[in-house]
Each structure stands twice: as structure tokens, then as C-alpha cells.
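Participant: Sequence:
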Amino acid sequence: MQHSCGHPSSYCTKNGHAALNASTPYTVPAPRLPLRSRAPPAGCMAAQLRCVRSAAGRGGASWRLLWFRGAAAWRRRGRSDCCHMMSGDSDCTRTSPSAGSPSDTELLLLGRPKYVCSLSPDLVTKAREELQEKPEWRLRDVQALRDMVCKEYPSLGTCLDDAFLLRFLRARKFDYDRALQLLVNYHSCRRSWPEVFNNLKPSAIKPVLESGFVTVLPHRDPEGRHVVCIRPDRWTPSNYPITENIRAIYLTLEKLIQSEETQVNGIVILADYKGVSLSKASHFGPFVAKKVIGILQDGFPIRIKAVNIINEPRIFKGIFAIIKPFLKEKIANRFFLHGSDLNSLHQNIPPVILPEEYGGTAGKLDISAWNELLLASEEDFLHDFSQLVLPCDSSPHDMLVSGDADEKQCDDSLRGMKPQLYYCY
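Just so it is clear: in the sequence shown, position 7 is 7 by UniProt numbering, and no numbers are missing.
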């Protein structure tokens, strides 16, 4: 027998539909919840569906409210917590996160230090003008970046502290996408070069520090920037490989970037190439040059405002020819070659902060103060770097490899080589 709804008798009898010749008018019953064919992860969406089915079985419009509320929570959070967002007439009612149920991100941040801005009023103004940083939106921007990390790279294994994520936002002028790209590159660089990043701690590079290869001048320049002094002539290749020098430079930058003042002002590099021979320069080949430049440009949250080269030999033209193809135009324009002309150097770095070795008035260059400061930070590095280990199941092919979109200056051959910078296994 055919019923008014067009269904066969067995179906309509089971579902309570009215017969064609019935005296009572046909009434459409409350709709049933359509089941999703895709299995939800972690069981959280399944719990949401069970609650919605329970409400739908009792009729009325409550199931629609629960469904849309749960779906919105699913889209917003990317995973989990959907059943926590529900309220109302159901047998699976939970309190919302605002009422005391923390989200996954909030659980990760439990016990973390609360961010307190250490910038002076002048630096707050400078950050607003140069970095697009608005104090009233600062924590909102950090949370936005944190949500992007949790959603797009849940197994990145990164630190999610406010202060840590702020470094990447400031380095990319609070552009969320570029800051996320920089953060992912930061981790990818660390994984791609184990000779540099394994066992990375100050005590492991003590011979490099004692040689004076890299140090930081005790005084900032008038722009509030630290001056990192690099002296390749202090390196003896027979004592340790060039990767130890790179480790020392990296740890120096890690220590400097802990300061919010440095995050805003950036740094200046002073490289003294006096006495660098051809045999020593040969250790800095295209492979090493590309990796180092890639890290500094696209894989580390620091603003390099100027690179001053002094006492460069003729061979340096060959070294710079190796480096220049990997430099972005903006960075290449910040290289200044002074030769042996100290007056030219003083136009970029005032003599009052320079040591006597470079025609300054700040006394002899003392490397002990910086070495002691860096070695005293051993525990801090062990704690910070312990949070930055990429899990074994995270695929490097999911990582981003270029810092900015403007790579037009690189020719096709160089662009094809770029992935090797981060994924050298």
C-alpha cells in the first residue's frame, strides 16, 4: 500500500507516517540527524553527534542549535572541545571553556610565565611605527599566531609562550602568515643541520668563545643596537671545524634576541677579515654560505640592520661573490665594505663604542665579559631548547622553506636549490 508521503507501507508504518486514506491530515515528523560518513578524530566529534542524536530523538528544534554550535566549535578549534561547547537540553551537557574547562592551548600554557612588556615608552612608540606593533592588540596577535600553529602545524613541537612568539611577530612586522613561516623555518633549519644544532649549548662551544672568534661589544650604538664582532682570523681550522664557529654565532644571536630591546632595534655586525688566507676562506664554500645566509634571512627572528666589513683582503671579493646570490636585495644593500679606512667605519659605528683596535675610545676589546654572560646562561638554553625538538613523525615536506614571497632576484637554478637549505639529510 502506498502512503501519502510516497514511501512503501513497511517504511511508513515503522516511522509513523499517515496512510493515504486516513481521515487525519498528514503531518511531517521532526527530522532525523544526518550521519556523517567521516569518522571524527579523538572521539570528540563523536560525543557531539551522540548528544545531537539524543536531542533529535526527542523532537523539537534543540538538535539544530546543538549541531550548529558544535560545528562552529569544530571549525574554530580545528579539533576537540566540541562537546565542551554545548549547553541546553541533552544528556551530554558540559560546561563551556569560559566556565572552567580549559582548551588544548590553555592546557599547554598552564604554568607558563605571564608576559610582561619590558619596552620603554620610546621603544613602544618605535615598535608601533616600524613594526606595526600595537600594545593594545599585542596579546591578541600572539594568540592568533598560536592558534595558527596549533591548527596548521600541531606536531611542530614549538614553545608557545607569549614572549617567544612575539620574537617572530616583531621580526615580520606582525604579519601573521610571514611570522608563521619564519617560525616553521626556524625549526626546519634546526633539524636540517645536525652538525650545528645537536648538543647546542654554551659549554660545547667554549673553545670558540675563548678564541675570540665572536663576541659582543659592551655598549649599544646610538640606535640602541648591539654590535656583534666577528674575527675569522682567530679561527684555526686544525683545532675545530667551521661548524663550531656557526654554532657560536647562533648561540650569540639566541642570547641577544632574548632582549625585547634587541627585538625592536635589531643588531649590527662588524666583521674583521684581517689575516684571512685563501686556505681558510675555502672552508666557507657555497654549501655553508647558502645555509648560513638562509638561516639569517629566513630562519631566525632577528633584524640585521647593517653588516660592516673591514680589513677585507682581495680574496673577499670572491667570498662575497659566493654570498651575494643568496642575499635578498634589502640585505645586500646593508653590506658596507670599508677596507682599512677606519674613518669610513666610524661613519656607521661611532668611535665611542668601538675598542682601540678599531680606532675607538672604549678601551681594549674585552671578550671575557660576554663569554661569562653566555656561559652563565647554560641552564636557560637547556630549558628553552628542550621545547624546540621536532617530533620524529613531523614531515619536513610540510615545512615552509622561503621567508618572503619576493624571491624574483634569484634565478631559476638558485630557486631550485633553495629546498636544500632546509632539508639536507
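Since the hints were derived computationally from the structure, they do not count as laboratory data. Values in this document were obtained by computation on a predicted structure and should not be read as measured data. A portion of the hints provided could be inaccurate.
Subject to a maximum C-alpha distance of 20 Å in a straight line, what follows is the list of computed SDA-like cross-link-like pairs (lysine to any residue) [to be verified]:
#1 Lys317 <-> Val352
#2 Lys134 <-> Pro154
#3 Lys201 <-> Glu254
Have a look at the derived ranges for each label pair, beta carbon to beta carbon [claimed, not checked]:
#4 Glu223 <-> Ser118: 15 to 25 Å
#5 Lys324 <-> Cys117: 35 to 45 Å
#6 Pro350 <-> Met148: 20 to 30 Å
#7 Pro237 <-> Ser340: 40 to 50 Å
#8 Cys117 <-> Thr361: 45 to 55 Å
#9 Arg128 <-> Ile315: 26 to 36 Å
#10 Leu382 <-> Ile331: 42 to 52 Å
#11 Ser155 <-> Arg314: 43 to 53 Å
#12 Tyr115 <-> Val288: 34 to 44 Å
#13 Val288 <-> Glu357: 35 to 45 Å
#14 Leu337 <-> Ser368: 28 to 38 Å
#15 Val352 <-> Thr125: 40 to 50 Å
#16 Pro350 <-> Glu129: 19 to 29 Å
#17 Pro154 <-> Gly359: 30 to 40 Å
By construction, the Cβ of each residue, glycine as well, lies at the ideal position given by its N, Cα and C atoms.
Participant: Now tell me, hint by hint, if it's right for this structure.
Facilitator: Consistency of the hints with the structure:
A hinted pair counts as satisfied when its Cα atoms are at most 20 Å apart, and Lys317 with Val352 does not qualify at roughly 30 Å. Restraint check for Lys134 and Pro154: the C-alpha separation of about 28 Å exceeds 20 Å, so the hint is violated. Between Lys201 and Glu254 the CA atoms are separated by roughly 11 Å; this keeps the pair inside 20 Å, and the hint holds. Distance hint check for Glu223 and Ser118: the Cβ-Cβ separation is about 18 Å, which falls inside the suggested range of 15 to 25 Å.
Separated by about 38 Å at the C-beta atoms, Lys324 and Cys117 satisfy the suggested range of 35 to 45 Å. About 41 Å separates the C-beta atoms of Pro350 and Met148, a value inconsistent with the hinted range of 20 to 30 Å. Remark: the range hint 40 to 50 Å for Pro237 to Ser340 is contradicted by a beta-carbon distance near 25 Å. Separation of Cys117 from Thr361 is about 34 Å and departs from the stated range, judged on CB atoms against 45 to 55 Å.
Distance hint for Arg128 and Ile315: a CB-CB separation of about 44 Å, inconsistent with the stated range 26 to 36 Å. Roughly 32 Å separates the CB atoms of Leu382 and Ile331, a value that falls outside the hinted 42 to 52 Å. Between Ser155 and Arg314 the beta carbons are some 49 Å apart, a value that agrees with the proposed interval 43 to 53 Å. For Tyr115 paired with Val288, a C-beta distance near 37 Å keeps the hint of 34 to 44 Å intact.
The beta-carbon spacing between Val288 and Glu357, approximately 27 Å, falls outside the hinted interval of 35 to 45 Å. For Leu337 and Ser368, the hinted distance range of 28 to 38 Å is satisfied, since their beta carbons lie about 30 Å from each other. Between Val352 and Thr125 the beta carbon distance is about 25 Å. The supplied range of 40 to 50 Å is therefore violated. Between Pro350 and Glu129 the beta carbons are some 23 Å apart, a value that agrees with the proposed interval 19 to 29 Å.
For Pro154 paired with Gly359, a C-beta distance near 53 Å fails the hint of 30 to 40 Å.
Hint compliance for this structure: hints 1, 2, 6, 7, 8, 9, 10, 13, 15, 17 are broken, all remaining hints hold.
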